[in-house]
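Chain order of the listed sequences is A and B. Going left to right, the first sequence walks through residues 2 to 106 as my numbering numbers them. Going left to right, the second sequence walks through residues 2 to 106 as my numbering numbers them.
Hints in this document: simulated from the structure, not taken from any laboratory. Note that the coordinates shown come from a computational prediction; the quantities given were computed from them, not determined experimentally. Among the hints, erroneous ones may be present.
Note that identical chains are pooled: a pair holds if it fits in a single copy or bridges any two copies.
[Said to hold, decoys possible] Below, a list of computed lysine to any residue pairs in the SDA-like style, where the Cα atoms sit at most 20 Å apart:
hint	residue 1	residue 2
1	K70	K99
2	K99	M66
3	K84	S105
4	K70	F16
5	K84	C4
6	K79	D54
7	K5	T19
8	K82	I3
In case you want the letters, here they are:
Number of protein chains: 2
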Amino acid sequence: MICKTPEPPYYAVIFTSTLNEVDEHYSEMSELTEAAAEKMEGYIGNEHFRNEDGFGIHISYWKDMDSIKRWKHDELHKKAKQKGISEFYKNYTVRISKVEMDSSL
Amino acid sequence: MICKTPEPPYYAVIFTSTLNEVDEHYSEMSELTEAAAEKMEGYIGNEHFRNEDGFGIHISYWKDMDSIKRWKHDELHKKAKQKGISEFYKNYTVRISKVEMDSSL
Numbered sequence: 002m003i004c005k006t007p008e009p010p011y012y013a014v015i016f017t018s019t020l021n022e023v024d025e026h027y028s029e030m031s032e033l034t035e036a037a038a039e040k041m042e043g044y045i046g047n048e049h050f051r052n053e054d055g056f057g058i059h060i061s062y063w064k065d066m067d068s069i070k071r072w073k074h075d076e077l078h079k080k081a082k083q084k085g086i087s088e089f090y091k092n093y094t095v096r097i098s099k100v101e102m103d104s105s106l
Numbered sequence: 002m003i004c005k006t007p008e009p010p011y012y013a014v015i016f017t018s019t020l021n022e023v024d025e026h027y028s029e030m031s032e033l034t035e036a037a038a039e040k041m042e043g044y045i046g047n048e049h050f051r052n053e054d055g056f057g058i059h060i061s062y063w064k065d066m067d068s069i070k071r072w073k074h075d076e077l078h079k080k081a082k083q084k085g086i087s088e089f090y091k092n093y094t095v096r097i098s099k100v101e102m103d104s105s106l
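Isolated chain A, as found in the complex (with noise of 0.2 Å):
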């Protein structure tokens, strides 16, 4: 479940969000987007979880910022966006990151 990435620089988009609630309606969307972004230029993986009251971290990896800028223009993950600030979320912050540094155990 540990996303395996490449030497750094690369990039983190850490998504964090609050649904209004859990359904499967959510969940059909959001594997709809997952897949999409799989298939994206520039896509590395992902980490991420969503508990029982709503809340969730996603981050998704990806090797450089005109990546991010690809799917972010992308039409099924704008669809998706759209769908998600007028039904699903009740807040979310969206934060892009380059990674610097990185070590494992």
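Fit chain B to the known structure of chain A by using the hints.
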């Protein structure tokens, strides 16, 4: 549960880990370490979870790289890290990243 952070840039330390087993000894050490981090200059806040299988994500936010370095060399933190490696962690990855932009709903 979503951490309030200042205008970028700031830093995120993404710590993903798997425990050998989830027990009260780890929880106790984790709480003491967290309390010590909160007193460090430059500490902003954190977002975290751990599931029943022992997989966890812990993201701490820091003002700058100097704050992270001071925390890295803190004696209590170094002891907790050694104990974690010898007793608690099956594996982990720690990533130090610079948050370049963010947005919230």
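Here's how the hints hold up against the structure:
1. K70 with K99: both (14 Å within a copy, 17 Å between copies)
2. K99 with M66: both (9 Å within a copy, 13 Å between copies)
3. K84 with S105: between (37 Å within a copy, 16 Å between copies)
4. K70 with F16: Intra 15 Å, inter 25 Å, cutoff 20 Å: intra-copy only.
5. K84 with C4: So K84 and C4 fail the 20 Å test inside a copy (28 Å) and across (24 Å) alike.
6. K79 with D54: Neither way: K79 and D54 sit 26 Å apart in one copy and 34 Å across, limit 20 Å.
7. K5 with T19: between (26 Å within a copy, 14 Å between copies)
8. K82 with I3: between (26 Å within a copy, 18 Å between copies)
Violated hints, in rising order: 5, 6; the structure is consistent with all others.
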